[in-house]
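There are 2 protein chains.
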Amino acid sequence: MEAEKKNQRHGLIIINTGNGKGKTTAALGTAFRALGQGFKVAMVQFIKGGWRYGELNAAEKFENFFIEPMGHGFLKLGDENPDPADCELAERTWRRCAELILSDQYDLVVCDEVNYALSYRLLPVEMVIDTLKRKPPRVHVILTGRDAPAELVELADLVTEMREIKHPFQKGIKAQRGIEF
Amino acid sequence: MEAEKKNQRHGLIIINTGNGKGKTTAALGTAFRALGQGFKVAMVQFIKGGWRYGELNAAEKFENFFIEPMGHGFLKLGDENPDPADCELAERTWRRCAELILSDQYDLVVCDEVNYALSYRLLPVEMVIDTLKRKPPRVHVILTGRDAPAELVELADLVTEMREIKHPFQKGIKAQRGIEF
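One line per chain: the protein sequences are E and F, in this order. Note that our numbering has the first sequence beginning at 413, numbered continuously upward. Note that our numbering has the second sequence beginning at 413, numbered continuously upward.
Read the hints as simulated data drawn from the structure, not as lab findings. Careful: at least some of the hints might be erroneous.
In this list, chains with the same sequence are indistinguishable; a pair is considered to hold if it fits within one copy or across any two.
Calculated pairs, EDC-like style, for lysine to aspartate or glutamate (alpha carbon to alpha carbon, straight line, at most 20 Å) [claimed, not checked]:
#1 452 - 472
#2 547 - 503
#3 545 - 566
#4 583 - 569
#5 547 - 566
#6 583 - 563
#7 473 - 566
#8 545 - 503
#9 578 - 566
#10 547 - 563
#11 586 - 569
#12 586 - 576
Could you build all of it, start to finish, from the sequences and the hints given here?
In structure tokens form, the structure reads like this:
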């Protein structure tokens, strides 16, 4: 039975990308589903404010949900030459992700908005790929954020693009508490 | 303060559609975020098995989360002339959604996989649109499932298409407990 279970368990590398809503929200849904199955889940947040009151409050209901908000606002984005302090923070945040992934203590590790750090070149994609290639087989990893690099998509098992078809801002509606944050 | 709150509250009609993963999962994430904000959430399930052990177990942690699994397997799909028993079940399930939405007792009502019933013509889209047009202003509604009809997209405030870029089945990997169900 144990052997069978081990054979069936294949830790997935999952990417939620695209310009639409639902990348972090689907990761949150997967985290809750995993917690409901008795899994241990860790979540590292690259961007300040990515997870707010609603999520954090719900997450507190689960003792096996470890959340580490590492990110704060980055200084200089969208430039050929990012600020070294931003790169240092992004790399430090990935090192923490790597530690949690390689520890084999969690069933699922969510690296929330890591693609953001990658697409702004704050973090070398090789660093992420190196960790993922050494990942314990049973560990599932979710990487979220728009503009997932091609090398990461190549390595992943499950990649979904969330495309924005229609957004409430287009109708002049403000972000809604409890739904969007 | 109350007046200000009422002015700010604009119940959104949200659609998660497309052929990819994450439609129901993002709705689940939104439900947990809303619960974390103290909202009351109802979820009606059109398809049996759409929400399984992981979600249901996690949902039990929240006393304000009401889940009603109405659907069971439909008899005859993908045909010009669906089975009347299937239509009757789909319509009964929508009437329950309408009751919950119009009751004004919930902040968020998730109609999980309703688009599935619509795209297989088990349910007339007019029935759904009629309810949504009469929805209390503060109530948020999420409609999930692939192939959301154009009339529904037209009416919605927030529409996201989840596109499958890569799926583990392509690598011969079986569905993973705690992640995909």
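Comparing the hints with the structure gives:
no.	hint	verdict
1	452 - 472	both (13 Å within a copy, 18 Å between copies)
2	547 - 503	within (18 Å within a copy, 47 Å between copies)
3	545 - 566	within (12 Å within a copy, 44 Å between copies)
4	583 - 569	between (36 Å within a copy, 7 Å between copies)
5	547 - 566	within (16 Å within a copy, 44 Å between copies)
6	583 - 563	between (37 Å within a copy, 17 Å between copies)
7	473 - 566	neither (36 Å within a copy, 37 Å between copies)
8	545 - 503	within (17 Å within a copy, 49 Å between copies)
9	578 - 566	between (29 Å within a copy, 9 Å between copies)
10	547 - 563	within (16 Å within a copy, 45 Å between copies)
11	586 - 569	between (36 Å within a copy, 11 Å between copies)
12	586 - 576	within (17 Å within a copy, 29 Å between copies)
Comparing the model with each earlier hint shows a violation of hint 7 alone; every other hint is respected.
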